[in-house]
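Please take these sequences and the hints and turn them into a complete structure.
In the order they appear, the protein sequences are chains A and B. Heads up, the first sequence is in this note's numbering, so the first residue is 1 and it goes up one at a time. Heads up, the second sequence is in this note's numbering, so the first residue is 1 and it goes up one at a time.
Hints listed in this document are in silico derivations from the structure and should not be mistaken for laboratory results. Glycine included, each C-beta is placed from N, C-alpha and C at the ideal position. It is possible that some hints are incorrect.
Okay, the calculated bits of chain B under chain A, using three or more residues with CB under 8 Å as the criterion [to be verified]:
1) 11-17
2) 264-271
3) 301-311
With a cut-off of at most 30 Å between alpha-carbon atoms, the simulated BS3-like pairs for lysine-lysine come out as follows [what the hints assert, rightly or not]:
4) B:Lys29 <-> B:Lys150
5) B:Lys93 <-> B:Lys29
6) A:Lys109 <-> B:Lys290
7) B:Lys29 <-> B:Lys127
8) A:Lys86 <-> A:Lys59
9) A:Lys114 <-> A:Lys59
10) B:Lys196 <-> A:Lys86
11) A:Lys86 <-> B:Lys290
12) B:Lys150 <-> B:Lys290
13) A:Lys59 <-> A:Lys109
14) B:Lys29 <-> B:Lys196
15) B:Lys121 <-> B:Lys196
16) B:Lys290 <-> B:Lys196
17) A:Lys114 <-> B:Lys121
18) B:Lys121 <-> B:Lys93
19) B:Lys76 <-> B:Lys29
20) A:Lys59 <-> B:Lys196
21) B:Lys76 <-> B:Lys93
22) A:Lys114 <-> B:Lys290
23) B:Lys196 <-> B:Lys93
24) A:Lys114 <-> B:Lys127
25) B:Lys127 <-> B:Lys76
26) B:Lys127 <-> B:Lys93
27) A:Lys109 <-> B:Lys150
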Amino acid sequence: MSTNPTTVELVRAVRAFMGETARPALEGHAAFYARIAENALAIVERELCLSAQSDAAAKDRLRVLLDSSLEERRDLETLLCDRIRKGSLDWQSTALMAHLKASTIDQVKIDQPKYSGLAIATESD
Amino acid sequence: MGNTQEIEAALRRLCPFFLSGGQTIENLKRLSGGASQETWAFDAVSPSGQREELILRRAPSGQDGSRSSAAIGLAKEAALIEAAARAGIPVPKVTYVCRETDELGEAFIMGRLSGETIAPKILRDPKFAGARPLLARQCGKALAGVHALKTEQLPDLALSDGLDQIDQYEDIYRSFDLPKPVFELAMAWLRAHTPKRRSNVLVHGDFRLGNLMVDGGGLVGVLDWELAHFGDPREDLAWICINSWRFGNPGNRVGGFGGLDDLLAGYSEAGGVVIDPAEIDWWEMLGSLKWGIMCLIMYEAFRSGADPSVERATIGRRVSEAEIDILNVLERV
Chain A
1 MSTNPTTVEL VRAVRAFMGE TARPALEGHA AFYARIAENA LAIVERELCL SAQSDAAAKD
61 RLRVLLDSSL EERRDLETLL CDRIRKGSLD WQSTALMAHL KASTIDQVKI DQPKYSGLAI
121 ATESD
Chain B
1 MGNTQEIEAA LRRLCPFFLS GGQTIENLKR LSGGASQETW AFDAVSPSGQ REELILRRAP
61 SGQDGSRSSA AIGLAKEAAL IEAAARAGIP VPKVTYVCRE TDELGEAFIM GRLSGETIAP
121 KILRDPKFAG ARPLLARQCG KALAGVHALK TEQLPDLALS DGLDQIDQYE DIYRSFDLPK
181 PVFELAMAWL RAHTPKRRSN VLVHGDFRLG NLMVDGGGLV GVLDWELAHF GDPREDLAWI
241 CINSWRFGNP GNRVGGFGGL DDLLAGYSEA GGVVIDPAEI DWWEMLGSLK WGIMCLIMYE
301 AFRSGADPSV ERATIGRRVS EAEIDILNVL ERV
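This is the structure we're talking about:
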C-alpha cells in the first residue's frame with residue numbers, strides 16, 4: 001500500500017509550518033520549545049530515511065559478531081551488552097570496535113548530524 | 001508559594017538586609033528553568049535611589065529536586081561560595097541566606113556579576129576575543145583554588161571518586177533497562193585502567209561553560225556549586241574537556257576555547273598538583289559516560305511521565321553524542 005503524502009512528506013510539512021509560521025509567532029519559553037519540537041521532527045525525518053539501511057547493517061554485523069540468529073536488534077544488543085559485561089568481548093576485538101563505531105556513526109547521523117564528534121569519528125576512518 | 005508576586009513580596013520584606021535603607025524590589029525576572037532550582041534576577045532599591053543588583057537562588061519548598069539526588073542543597077551551596085570568596089576564587093558575594101520564616105523556600109541571595117554565561121557567545125562573540133586566550137589558564141588557577149580549600153572547614157559533603165561514580169551511574173543505567181553496548185564497554189575499560197589515586201579535595205562537580213561567568217577580561221565568576229563533593233581533582237579538570245562542553249569547537253580541548261597545557265599550567269602555577277595530560281583521558285571518558293547517562297536520566301523523566309516536555313523527550317537522542325565521544329577517546333588512548 002502506498003499512501004501519499006508519505007510519512008516523510010507529512011513530517012516535513014509540519015516541520016516547515018513550525019519553523020516558518022508557528023515559531024516566529026511565539027516568544028520566550030514557547031519559542032524555545034518550538035525550536036526543540038522542530039528538532040525532534042528533523043530527527044524523525046532522518047530516521048525515516050536512514051534507519052532501514054543502518055538497522056539491517058547493524059543486525060548483520062551483530063549476528064556475525066555474536067554468532068547468533070536472533071531477529072530483533074534490541075535482543076542482539078542485550079546479548080552484546082551481556083558479553084561485554086562478562087568480559088568475553090572487549091576493546092581488543094577489532095570486530096566489536098568496528099561494529100560499535102559504525103552503528104554509533106549511523107545513530108549520530110540520525111540524532112545530531114552536525115555534532116562535532118561525528119566529524120572526528122569519520123575523519124579517523 | 002512561588003508566583004512572581006509572592007516572591008516579590010517576600011523579597012521586599014527582606015530588602016533592608018540586601019541594601020541599607022532598601023525598600024522596594026524592581027526588575028524581578030526568572031532567569032533559568034533549572035529543574036530543581038530557580039534563579040531570579042532583581043534589584044533592591046532605596047528611596048534615595050541606591051540600587052543593588054542581585055540574584056535569588058531558590059528551591060521551592062515541597063518540591064523534590066528531580067534533577068538529581070546529588071544536589072547538595074542551597075544552604076551548603078551558599079557556604080561553599082562564601083568559603084571560595086574568602087580564598088580569592090572569583091565568585092559572587094553571598095548577601096543573605098534565607099530562613100524558613102522568610103517564605104522563599106530554601107534560598108539565598110547573592111550579588112549579580114556582570115558578564116556572559118552562554119557558551120556559544122563566549123566562544124564566538126568578538127566581545128570575548130581578548131578573553132578566550134586567557135580563559136584556560138584562569139580556569140586552571142580557579143580550580144587550583146577550589147581544590148586547595150581546607151575540607152575540614154567546609155560543609156559536610158559526599159565523598160565520590162571515579163570508581164564510586166562508575167558504580168553510581170552504572171546502577172542508574174541498569175535501572176532503566178536500555179541496553180547501550182558503548183556504555184558497557186566504557187565501564188569495562190575504565191575499571192580495567194583505573195588511575196592511581198590522588199588526594200581527595202573539594203570538587204566543584206560541574207565546572208564548564210554555562211556555569212562560568214566571563215567578561216571581556218576572562219573569568220569573573222564560578223557559579224552553580226550544587227554538585228560539589230569531595231573527590232579527585234582530575235574530575236574537574238577533565239569535565240570541562242569533554243567534547244560536549246567544547247560546544248562545537250573540538251580543536252580546543254578545554255571548553256572549546258583553550259588548550260589542556262594552559263589549563264594544567266595555570267593549575268600548577270597556582271599551587272595545584274602537577275598533572276600529566278595523559279591522566280585526563282580516563283576522566284574525560286568517565287565524563288562522557290556520565291553525560292550520556294545524565295541524558296538517559298532526563299529522558300527517563302519524560303518516559304515516566306514526571307516531565308512530559310518535548311525537551312526531556314528529545315534530550316534522550318543526545319545519548320549517541322556521548323557514545324561517539326567515548327569511542328573517539330578510546331581510539332586515541
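Now the hints, each set against the structure:
{"no.": "1", "hint": "11-17", "result": "violated (count 0)"}
{"no.": "2", "hint": "264-271", "result": "violated (count 0)"}
{"no.": "3", "hint": "301-311", "result": "holds (count 3)"}
{"no.": "4", "hint": "B:Lys29 <-> B:Lys150", "result": "violated (36 Å)"}
{"no.": "5", "hint": "B:Lys93 <-> B:Lys29", "result": "holds (20 Å)"}
{"no.": "6", "hint": "A:Lys109 <-> B:Lys290", "result": "holds (22 Å)"}
{"no.": "7", "hint": "B:Lys29 <-> B:Lys127", "result": "holds (25 Å)"}
{"no.": "8", "hint": "A:Lys86 <-> A:Lys59", "result": "holds (21 Å)"}
{"no.": "9", "hint": "A:Lys114 <-> A:Lys59", "result": "holds (25 Å)"}
{"no.": "10", "hint": "B:Lys196 <-> A:Lys86", "result": "holds (24 Å)"}
{"no.": "11", "hint": "A:Lys86 <-> B:Lys290", "result": "holds (21 Å)"}
{"no.": "12", "hint": "B:Lys150 <-> B:Lys290", "result": "holds (27 Å)"}
{"no.": "13", "hint": "A:Lys59 <-> A:Lys109", "result": "holds (18 Å)"}
{"no.": "14", "hint": "B:Lys29 <-> B:Lys196", "result": "violated (47 Å)"}
{"no.": "15", "hint": "B:Lys121 <-> B:Lys196", "result": "violated (38 Å)"}
{"no.": "16", "hint": "B:Lys290 <-> B:Lys196", "result": "holds (20 Å)"}
{"no.": "17", "hint": "A:Lys114 <-> B:Lys121", "result": "holds (18 Å)"}
{"no.": "18", "hint": "B:Lys121 <-> B:Lys93", "result": "holds (25 Å)"}
{"no.": "19", "hint": "B:Lys76 <-> B:Lys29", "result": "holds (24 Å)"}
{"no.": "20", "hint": "A:Lys59 <-> B:Lys196", "result": "violated (39 Å)"}
{"no.": "21", "hint": "B:Lys76 <-> B:Lys93", "result": "holds (15 Å)"}
{"no.": "22", "hint": "A:Lys114 <-> B:Lys290", "result": "holds (22 Å)"}
{"no.": "23", "hint": "B:Lys196 <-> B:Lys93", "result": "violated (37 Å)"}
{"no.": "24", "hint": "A:Lys114 <-> B:Lys127", "result": "holds (26 Å)"}
{"no.": "25", "hint": "B:Lys127 <-> B:Lys76", "result": "violated (34 Å)"}
{"no.": "26", "hint": "B:Lys127 <-> B:Lys93", "result": "holds (25 Å)"}
{"no.": "27", "hint": "A:Lys109 <-> B:Lys150", "result": "violated (47 Å)"}
Consistency note: the structure conflicts with the earlier hints numbered 1, 2, 4, 14, 15, 20, 23, 25 and 27.
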